[in-house]
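Undergrad: Produce the complete structure using the sequences and hints provided.
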Amino acid sequence: MVRRIDVTGAAGVRLAAWEFADPPKDSREDGKTPGVLLLHGLMGRASHWASTARWLSARHRAVGLDQRGHGRSEKPAAGPYTREAYVADAEAAVEQLGLAPVTVIGHSMGALTAWQLAARRPELVRALVICDMRASALGAQSQQEWKEWFRTWPLPFATLADVRKWFGEDDPWLERPRPSRGDFYAEVMAERADGWRPVFSRRQMLASRETWVHDAHWEELALVQCPTLVVRGVDGELGRAEAQEMVRVLPRGEYAEIPNAGHLLHYDQPAGWRAALEPFLRSVHVE
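Number 33 in our numbering belongs to position 33 of the sequence shown; there are no gaps in the numbering.
Accuracy of the hints is not assured; some may be wrong.
[Unchecked claim] DSSO-like cross-link-like pairs, simulated, lysine-lysine; straight-line CA separation at most 30 Å:
no.: 1; residue 1: Lys147; residue 2: Lys165
no.: 2; residue 1: Lys75; residue 2: Lys165
no.: 3; residue 1: Lys75; residue 2: Lys147
[Claimed, not checked] With beta-carbon atoms standing in for the labels, derived distance ranges:
no.: 4; residue 1: Pro76; residue 2: Gln96; range: 40 to 50 Å
no.: 5; residue 1: Arg248; residue 2: Asp194; range: 48 to 58 Å
no.: 6; residue 1: Pro179; residue 2: Pro122; range: 13 to 23 Å
Calculated directly from the structure, the hints in this document are not laboratory data. Please read all numbers here as calculations on a predicted model, not as lab measurements. Even for Gly, the Cβ is constructed at its ideal location relative to N, Cα and C.
TA: Written out as structure tokens, the structure reads:
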């Protein structure tokens with residue numbers, strides 16, 4: 001069962017939240033089912049969490065959120081696509097869906113949103129999972145590289161097979177083929193009259209990214225009081241030294257890494273991803 005739930009975000013932006021499986025039947029009536037909010041990264045969508053949400057649903061109410069500008073949520077032309085807007089949207093989702101105190105699992109940009117929410121509204125967040133997101137500033141050069149990368153996309157794609165091949169094999173950013181990356185990007189394409197194009201605006205993605213790549217986020221990380229797991233793919237964007245420093249800065253931080261996984265670790269190694277998460281979830285008593 002896949003169910004869409006409409007959420008009203010900051011400034012009235014319409015957001016789509018998704019349940020990909022029924023929560024446990026034995027605790028739905030008394031309201032004790034622990035909540036999990038799943039936040040995708042930049043260019044992602046809630047459906048990227050579908051397989052994770054399904055195994056979580058054995059013991060949790062797991063909800064994925066299409067963040068503003070992504071998936072089926074509203075994509076206001078003028079934004080805003082600020083950190084404040086994304087965090088306020090997540091806060092609204094937790095409150096309107098009745099998930100608090102919630103475990104927030106965030107990937108990349110979604111992880112930054114997650115720890116900023118935990119820092120600002122600690123009473124809403126029971127536990128936190130940070131998936132391959134750096135706390136250090138990435139800088140102006142990184143933003144320029146993204147602009148140039150977007151220009152290399154051979155849009156429109158004729159077929160979804162072409163999407164999978166380009167992002168999984170032909171993309172100049174790839175050091176070696178990653179079929180799971182092709183699957184990830186195929187999920188964010190929609191068929192138009194002239195072929196397959198992304199469901200998001202690349203201009204809006206750059207606008208969103210512009211609001212956080214120039215700043216470091218260590219101070220907010222240090223304010224997170226709940227148990228927090230920092231997870232990285234061995235071949236991902238978050239290096240081991242920085243990840244371990246994040247764990248040191250976090251008052252209740254823990255560390256895990258997944259071999260043979262890149263930035264999209266929950267796609268690259270779903271079994272390793274689950275194996276890293278389940279002990280942490282048990283340890284924080286969210287079951």
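Undergrad: Hint by hint, note whether the structure agrees.
TA: Now for the hints, and whether the structure bears them out:
1. Lys147 / Lys165: 21 Å, holds
2. Lys75 / Lys165: 28 Å, holds
3. Lys75 / Lys147: Answer holds: Lys75 to Lys147 is near 20 Å, not above 30 Å.
4. Pro76 / Gln96: 40 to 50 Å: About 19 Å separates the Cβ atoms of Pro76 and Gln96, which means 40 to 50 Å is violated.
5. Arg248 / Asp194: 48 to 58 Å: Given a distance of about 51 Å, which is inside 48 to 58 Å, the answer is holds.
6. Pro179 / Pro122: 13 to 23 Å: 40 Å, violated
Violated hints, in rising order: 4, 6; the structure is consistent with all others.
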